[in-house]
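Visitor: Dock chain F against the given chain P, drawing on the hints supplied.
So the protein sequences, as listed, match chains P and F. Residues in the first sequence are numbered consecutively from 514, following the working numbering. Residues in the second sequence are numbered consecutively from 720, following the working numbering.
Wrong hints could be hidden among the right ones.
Which residues of chain P face chain F? A few of them, derived with a C-beta cut under 8 Å, are [to be verified]:
#1 T533
#2 T535
#3 F603
#4 F608
#5 F612
#6 G620
Since the hints were derived computationally from the structure, they do not count as laboratory data. Heads up, the beta-carbon is just placed ideally off N, CA and C, and yes, glycines get one too.
Listed below, chain by chain, are the residues.
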Amino acid sequence: EAQVTQNPRYLITVTGKKLTVTCSQNMNHEYMSWYRQDPGLGLRQIYYSMNVEVTDKGDVPEGYKVSRKEKRNFPLILESPSPNQTSLYFCASSFGRAFETQYFGPGTRLLVL
Amino acid sequence: SQELEQSPQSLIVQEGKNLTINCTSSKTLYGLYWYKQKYGEGLIFLMMLQKGGEEKSHEKITAKLDEKKQQSSLHITASQPSHAGIYLCGADIPSRRDDKIIFGKGTRLHILP
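So here's chain P without its partners, still in its complex pose (with noise of 0.2 Å):
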């Protein structure tokens, strides 16, 4: 079954304690990426990446850290988290920029106390 997968789904930590939230896709896509839906403002890209070793800002970086080692994982890393990084988070990906294959993950809720 076509999937993209995160992990966990729900976590809750404490501000500057560093975190990495786990993204992975079993469809051999080129592009992934990580969003963040916060109510009021909608669904924002953080991070995306083209192909492997290959990553670029997207909309709201700050805060976070991306790599792209192997095709299938693409891992969003908050180094020092702060309460304003609560949030949902989405990962996708696709096959390149034909972005009617993105599939999306379940989703990750976030709270930073």
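Guide: Structure of chain F alone, referenced to chain P:
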């Protein structure tokens, strides 16, 4: 300023009624994508429109892209409880010269039995 405006922000309709959601851009779009999101879950791709004047249908949902490729509408006929959720439009805007799509803030649709 928001590059993609969706209206209305929320909509409550009686089951069986028709409804329309709009998505407007100030710039010409290369591609316009409609997604549906069940509350708290990931996005599911519905349709993609690329050509001016194009219209596509899937079950009781019809989406159109105007001739100037700056506005799209999503129309649901004879709404059902299964149509409830958040509808988002996403757009590929060539003038941005980047490799990503942007999203509107979404329209929350509630269906009353």
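Visitor: All hints, please: hold or fail.
Guide: Evaluated hints:
1. T533: violated (19 Å)
2. T535: With a closest approach of 15 Å, the T535 of chain P hint is violated.
3. F603: holds (6 Å)
4. F608: With a minimum Cβ separation of about 12 Å from chain F (threshold 8 Å), the hint on F608 of chain P is violated.
5. F612: Where the cut-off is 8 Å and the nearest Cβ of chain F is about 5 Å from F612 of chain P, the hint holds.
6. G620: holds (6 Å)
In summary, the structure is inconsistent with hints 1, 2 and 4 from the numbered list given earlier, while agreeing with the others.
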